[in-house]
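Starting from the known structure of chain A, arrange chain B on it as the hints suggest.
Take a look at the letters that make up each chain.
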Amino acid sequence: MSSGALVGLALLVIGDSHLATPSYLIGPLHDQLTEQGATVHSIGVCGANAADWVKTSPGECGRAERSGNAAAQKLNEGATTTPIKDLITKDKPDAVVVVIGDTIGSYNNPEFPKSWAYQQVTALTKAIAATGTACYWVGPGWSNNPGRFNKTNERVETVNAFLAENAAPCTYIDSTRFSQPGEWKTIDGQHYTGGFYKKWGAAIADAIVNNPPKKAQ
Amino acid sequence: MKHPRTLTLLGLGLCLAQGSTQAAPQLYETGPAEDAAFVRFIDALPTALDVRAGKGAHIALTPEERATTWQPVKARAALGATLEQGGRSEKVELSVEPSEFVNVVAVPDGAGWRVEIGREKPDDFSAHKVSLGLLNLDTACSRASLRVAGKTVMIVEGVAPRETRRRQINPVALSVDLLCDGQPSGSPLDLGSLRAGERWTLLAHPSPAGTRLLPILDRMP
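Line order of the protein sequences matches chains A and B. Per my numbering, the very first residue in the first sequence carries number 10; after that it's consecutive. Per my numbering, the very first residue in the second sequence carries number 394; after that it's consecutive.
If we strip away everything but chain A, and leave its shape as in the complex, we get (with noise of 0.2 Å):
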């Protein structure tokens, strides 16, 4: 149920391929925060990693976007990441909420580069915090099988540690808090089916709600 808690406050949503697919959590994420009262612009780059999106870089298997109540518009060719700087000058966004957590997770690396995410991290985290913008940063959710992507929740575990600890100042969303390991269905061990997209993308909109940005002056 809305309780309007958004009201008047603008959202940039940025991700990865969560959000490059309209019936992913583009979808029902951008909805909730819609209902909450948010003005919502989303944007996902499929393979997109943290720093992509410091400057203009390729995607790897499409890009939608969408705008306010508008339907997502899904671009398969071609598909790059607009870098955040210049999002957040267009939009004047009063938080930036970002989605990426498993194109950092390096699933099929056995040790997780722990150098190498902190140079993704901290490149966009500095890039947002430079602007002024309060920001959200939304980790990997469980997954219910490795998959073809050999995501283990025992490496989910690792990054969402990771990303608690180097997210700041934006503030860190767990998704690992809102389900059980493996209850959510996934289609390849990670992508979710569409209803634990509709589940992640509410426990996500609550969490917002529950810490609402500030008005930008």
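Honestly, the hints are just simulated from the structure, not real lab data. Positions of the beta carbon are idealized from the N, C-alpha and C atoms, including for glycine. Just so you know, not all the hints are guaranteed correct.
Here chain A is said to cover these stretches of chain B; the calculated rule only asks that three of the stretch's residues, wherever they fall, bring their Cβ under 8 Å from a Cβ of chain A [stated by the list, open to error]:
no. : segment
1   : 426-440
2   : 518-531
Here are the simulated DSS-like cross-link-like pairs (lysine-lysine), alpha carbons at most 27 Å apart as the crow flies [stated by the list, open to error]:
no. : chain 1 : residue 1 : chain 2 : residue 2
3   : B       : Lys467    : A       : Lys135
4   : B       : Lys514    : A       : Lys123
5   : A       : Lys123    : B       : Lys522
6   : B       : Lys467    : A       : Lys123
7   : A       : Lys135    : B       : Lys522
8   : B       : Lys467    : A       : Lys64
Here is chain B on its own, set in the frame of chain A:
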């Protein structure tokens, strides 16, 4: 600031195009096959230092701008650079392991200077704490330590030459004393008000007056 451009950047984010029978995104990399590797150059001399790398890339370090940012490099690749100061040059050849951060530092050596290499594999990344490291580049200081200035509170202790030891501390105003083999060396170093997320490397380097500290604030690219 210009940076050496010939150091090979890590290839990131390659996509493996693969078909799918389900409505799922095509397979893509979720990170690199191995961790990143970094190198930087530091001028611990009283005068400017020129650093040349590869095909014409050049940077001038000065007492006002003593260090480059951390440069991502291809792990295990043969890297070369030339450091020039006072009409004298030194060639440096090195490789960097995954997860490794390598400092290439020009330090005073009697009336001249020499190149020292300091390596570390940090894992204390945090946006909530300050990381304070001590890199001992003075072979005359067999055990370097840092303590809170004027107090008995030790921060890091017993760092051997060419080794680094670091510790997470709270973001507070801090001055430190350098100790060599338990004896104070030089005046207290005022680091000012440290901010959460900062990573500092304090270089203990030789000087005509004894071992001295040079503070370097880490900067990622």
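Hints versus structure:
no., hint, verdict
1, 426-440, "holds (count 6)"
2, 518-531, "holds (count 4)"
3, B:Lys467 with A:Lys135, "24 Å, holds"
4, B:Lys514 with A:Lys123, "10 Å, holds"
5, A:Lys123 with B:Lys522, "16 Å, holds"
6, B:Lys467 with A:Lys123, "16 Å, holds"
7, A:Lys135 with B:Lys522, "16 Å, holds"
8, B:Lys467 with A:Lys64, "21 Å, holds"
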